[in-house]
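A.B. asks: The residues making up each chain are set out below.
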Amino acid sequence: MSARLVLSLALLGAALAGCGAAPFEYHSQREIPKGPGLFSGEEGVFAFRSGNTARPSDERSEQREFEEWREWREWKKRQRD
Amino acid sequence: MHARKALLASTVGTALMALGAPAMAVDVTISGQVNRAFMAVDDGNKSDTFFVDNDNSSTRVRFVGSADVKPGLKAGILFEVEFQGNDSNLVTMNAKDTGSPTFGERHTAVFLEGGWGKVTLGQTDGAANGAVEVDLSGTSVAHYAGNTDIAGAFRFRDGSGALTGPTIGASSSQQDFESRYDLVRYDTPVFGGFKLVGSFGTKSTSTTTLTAPAGGGAVTTTTSTASSDVKELALWYSGKLGGLGQLAGALGYSRRGLAAGDDEIIGGSLSWLHASGFNVTLGRTDRDDPVAGRDKEFSYLKLGYKVGKHAVSVDFGRGEDQAAAADESDFFGVGYVYTPVAWADVYGLLKQHQLDRPGASFDDISVLMVGTRLKF
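Here the protein sequences line up with chains A and B, keeping their order.
First residue of the first sequence: 1, per the working numbering; consecutive thereafter.
First residue of the second sequence: 1001, per the working numbering; consecutive thereafter.
In case anyone wonders, no lab produced these hints; they're calculated from the structure.
Some hints here could point you the wrong way.
Distance condition first, Cα-Cα at most 30 Å in a straight line; then the derived DSSO-like pairs of lysine-lysine [said to hold, decoys possible]:
#1 Lys-1309(B) - Lys-1074(B)
#2 Lys-34(A) - Lys-1118(B)
#3 Lys-34(A) - Lys-1240(B)
#4 Lys-1074(B) - Lys-34(A)
#5 Lys-1231(B) - Lys-1203(B)
#6 Lys-34(A) - Lys-1070(B)
#7 Lys-1306(B) - Lys-34(A)
#8 Lys-34(A) - Lys-1309(B)
Work out the full structure, taking the sequences as your base and the hints as a guide.
C.D. replies: Next comes the structure, spelled out in structure tokens:
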């Protein structure tokens, strides 16, 4: 039985390699699911990042935060004047 | 064991420092899930209800961290522990409560990854762990080849109602190679959907026995440990077949050195999910068990349908010659999983286990489970 199993799977493997199927990453449903989390939001993980791994969206939000702070500072200055 | 782990950790730490370059980017993520269920079991003589942690996909927390050592080379850690109260595979009619839960080690490993593949050191999955459990049905949280994760500690009762039979776990194990252990593992890069994985390590098996006094009272726990060398090799595949959907599978081999001889397992699984949602999963393992002195077999078939937030499936499995020579232990199940939002699964399972042994008669064991898994 083992020999037949090995042979069958080897033949299947050869057929798959020949037909040019596109690979995908198999993720067992028994592991922690990928995708959004109840508390962790869209990303599904609590992430701590530093260095050049900052995603473009992070960079945009930091830029937006800086611009908002600058606008607030200008507004505050006008209030004083 | 702890000395060996410390040595491994210091070796890898020294190797990482020797690489010299400061980390350019650090990425640390924490994720986890809680999976609790209501379970009812009828063993032909007695029935009872249980509140369990579903061992198909236990309650756990995972930390993953990685950093670029230099362009094209990444180093990282994987740390994952489970925290199960009333494990669904350990409760019995005489032990409804398995005691206060403790953190159980699943993964404590470091890795180096580059274009040449990935090397992992520490406790993590052996190369073939899960090779008989590849499953694209979407119902694995309810039922899969590892049928003994739910109600696996229940014993079959004989014709007189006495608990003289083997447990479900001893009679229809999927024999999924050597699970997790302290190892060094190498994963090749993926070539056309194929990946070859090898691992070598030492496995310590702790056997925990729960004993409940016949007249009631506290459950006592005894644990014994034994270690042995393990080698595993596996070929994994996953690919999209265009209009034909997805196909995934694995073929594995493991060898564990025991005093009585080598404990060898060969087998694999294949799962096909058609674009229509129809899916079929096959699994098979053959084990040469030197302690029992015989070959043990396991076969598995699952048919399912998955559409939108719903997945349903029926399965059939058979363990042969496992608890005793000439034993045939069959199980039949139907499972359903509803995923209302991406972070929640609500599932139900109905399953029946049978044991045929020449010259003996055993009652069937029926299991009902309803539960939910929330990812946080």
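A.B. asks: A separate judgement is required for each hint: does it hold in the structure or not?
C.D. replies: These are the hints, each one checked on the structure:
Distance check on the hinted pair: Lys-1309(B) and Lys-1074(B) sit about 36 Å apart at the alpha-carbon level, beyond 30 Å; violated. A hinted pair counts as satisfied when its Cα atoms are at most 30 Å apart, and Lys-34(A) with Lys-1118(B) qualifies at roughly 21 Å. With a C-alpha separation of about 19 Å, the suggested pairing of Lys-34(A) with Lys-1240(B) holds against the 30 Å cut-off. Restraint check for Lys-1074(B) and Lys-34(A): the C-alpha separation of about 22 Å stays at or below 30 Å, so the hint holds.
Note on Lys-1231(B) and Lys-1203(B): the hinted pairing holds, with a Cα-Cα distance of about 10 Å set against a maximum of 30 Å. Note on Lys-34(A) and Lys-1070(B): the hinted pairing holds, with a Cα-Cα distance of about 28 Å set against a maximum of 30 Å. For the hint pairing Lys-1306(B) with Lys-34(A), the CA-to-CA distance comes to about 18 Å; that is within 30 Å, so the pair holds. Distance hint between Lys-34(A) and Lys-1309(B) is fulfilled; the C-alpha atoms sit about 15 Å from each other, no more than 30 Å.
The structure is inconsistent with hint 1 alone, although it conforms to all the rest.
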